[in-house]
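**Student:** Given next are the chains, with one letter for each unit.
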Amino acid sequence: MPDATATKETPAAVTLTGVSKTYGRGAASVRALDQVTLSAEPGEVTCLIGASGCGKSTLLSLIAGLERPTAGEVAAGGRVALMFQEAGLFPWLTAAGNVELALRARGTGRAERKQRAAGLLETVHLGGFGKKRPHELSGGMRQRVALARALAADADVLLMDEPFGALDAMTRDLLHEEVDRITAGRDLTVVFVTHNVREAVRLGDQVVLLSSRPGTVLERYEVPIERPRRIDSAPVAELAGTITDRLREEVSRHGT
Amino acid sequence: MAHDTIAGLDALDLAAEAAPGGAGARAGRVWNAAWPKLAAIVIFLALWEILYLAGWKSLIFPAPGTTLSDLGTQLSSGQLWQAIETTLGRALGGFAIALVIGVVVGSLVSRIGALRQAVGSMLTGLQTMPSVAWIPFAIILFGSSTSTIGFVVVMASAPSIANALIAGVDYTPPLLVKAGRLMGLARLRLHWHVYLPSSLPTFVSGLKQAWAFTWHSLLTAELVVLIPNHPSLGILLDSDQQQADMPSTIAVMLVILILGVVVDGLFGLWNRSIQRRRGLE
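Those sequence lines, one after another, are chains A and B.
According to this note's numbering, the stretch in the first sequence is residues 6 to 261, in order.
According to this note's numbering, the stretch in the second sequence is residues 3 to 283, in order.
In short, the hints are calculated from the structure, not lab data.
If you're wondering where the values come from, they're calculated on a predicted model, not measured in any experiment.
Warning: the hint list may mix true and false statements.
Straight-line Cα separation of at most 35 Å, DSBU-like style, residue types lysine-lysine; simulated pairs [what the hints assert, rightly or not]:
1) B:Lys210 - A:Lys137
2) B:Lys59 - B:Lys39
3) B:Lys210 - A:Lys136
4) B:Lys180 - A:Lys137
5) B:Lys180 - A:Lys136
6) B:Lys180 - A:Lys119
7) A:Lys137 - A:Lys119
8) B:Lys210 - B:Lys180
9) A:Lys119 - A:Lys136
One side of the interface only, derived from the structure: several residues of chain A facing chain B at Cβ under 10 Å [to be verified]:
10) Leu43
11) Arg84
12) Leu142
13) Ile236
14) Val256
Glycine included, each C-beta is placed from N, C-alpha and C at the ideal position.
Construct the complete structure from the given sequences, taking the supplied hints into account.
**Tutor:** Have a look at this one:
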């Protein structure tokens, strides 16, 4: 786990400098990431996008401190929380219990735990659902509990690995609004991985396009579009089009 | 507003849940579960009666009626109840000790790689070893005493409990372990908050099997290790055998069968309630 003391000195919450990651050794080794350099600013959303094999998930594991880079340096200022495509809630606990466990892991006292868990569920509009078990909730609701649980860790950095990939379009749109609202309210650094270029443009302050095998930074796009944004608005579609063209170019390079 | 849309979507998502039925539906479910069992008992008694009427071993083989009335007589006297109390007490006591040992050993072996390499296969070996093989060892160690019976029961059940826990830990979804680690849980706290609760469904079905081991080994031990003035089901069976009292022998066997089935059924109920709570049904 990255230590929680570095927040004040480092201006950028997440900085990767020349990061490479190789799995295995010798002839059988696979280079997942090659010389990746990028930084994510506090209070901003950085979207990582790329085709299969671009090492997006490896990148998140490195930032989360679950894995170590083979070369280069990863600096994540503060506490890191991670959300996955599946909610990963504990099925034996209620929604509130899941959030409370995250608080308990940090040493929050019993009475405060209950109160804060209720508040966090309220934040994700699940105020009345604390007593429900994960299997009684819909996929979108489970993802919101997972979001509340990630927020319970009082993270400075929130890593999201295609968290809305399995949801229907309307639920996903609503959750995009939630991400906007929640990141604006806290000085949260969000790194968001997705396959969906429009989703990346809809959410991101910057979109980082990665190449595949090995993953390197191909292009970095600032997203100057005013919030609130809509995924079906013309400026979002236009920039998404530009990025998609570049992504296709990269993908077809692998076919020849 | 977004909030209203979310609330609406949530309501629509959850509305699909079926409303639970009333008392009538419940009674129907109970009947549906009960009648095949009742029918099986009736068929069993009928076959027994036919075997008796056919005159097989007619001098010693009793009619179901004779056996059941013998059972009734024994149940109204104090001795059978005292024996049930002793035997069931030993079973539960032995099972409880085996549970503690099994959980501790299973926890250590499942989470510490070197320990698993060292004793993992030995645990399976112990589980397959017939419990009766422990009896001479235990008698030399403790004499003909309750400790001997308890020892044999624990040795028979603990490995199976440990193995049940190991299986449960192995089935813990990696995503949940990752989620736990990211929360900052590690080692003992990760075990307590993630691995143990996650293994509970597998563990409880393993406990059913461990209970069978307990019950088998206990009756074996009680038949071999006779402790005078301590009426147990084993002692009753032994004295019935000495007196060639077939109706009483079968009556005690029925008691043993029913007790085993009842406890097994309780484990089944526990297992189903866990699965219902986790939406695994």
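**Student:** So, for every hint listed, does it hold in this structure?
**Tutor:** Comparing the hints with the structure gives:
Straight-line distance between C-alpha atoms of B:Lys210 and A:Lys137 comes to about 29 Å, which keeps the hinted pair within the 35 Å bound. For the suggested pair B:Lys59 and B:Lys39, the alpha carbons sit about 29 Å apart, so the restraint of at most 35 Å is met. At roughly 30 Å between alpha-carbon atoms, B:Lys210 and A:Lys136 fall within 35 Å of each other, so this suggested pair holds. Our distance criterion of 35 Å between C-alpha atoms is met by B:Lys180 and A:Lys137, whose separation comes to about 23 Å.
Annotation: proposed proximity of B:Lys180 to A:Lys136 holds, straight-line Cα distance about 24 Å (limit 35 Å). Pair hint B:Lys180 plus A:Lys119 holds up; C-alpha atoms about 24 Å apart against a cutoff of 35 Å. Between A:Lys137 and A:Lys119, the direct Cα distance comes to roughly 15 Å. Compliance with the 35 Å bound is thereby established for this hinted pair. With a C-alpha separation of about 30 Å, the suggested pair B:Lys210 and B:Lys180 falls inside the 35 Å cut-off, and the hint holds.
For the hint linking A:Lys119 to A:Lys136, the alpha-carbon distance of about 12 Å falls within 35 Å, and the restraint holds. With a least beta-carbon distance of about 22 Å to chain B, the hint placing A:Leu43 at the interface is violated under the 10 Å criterion. Here the hint on A:Arg84 is kept, as its CB sits about 9 Å from the closest CB of chain B, short of 10 Å. The closest approach between the C-beta of A:Leu142 and any C-beta of chain B is roughly 8 Å, which is under the 10 Å cut-off, so the hint is satisfied.
The beta carbon of A:Ile236 is not positioned within 10 Å of any beta carbon in chain B (closest approach about 14 Å), and the interface hint is therefore violated. Interface hint at A:Val256: violated, since its Cβ lies 28 Å from the closest Cβ of chain B, which is beyond the 10 Å cut-off.
Violated hints, listed in ascending order, are 10, 13 and 14; each of the other numbered hints is respected by the structure.
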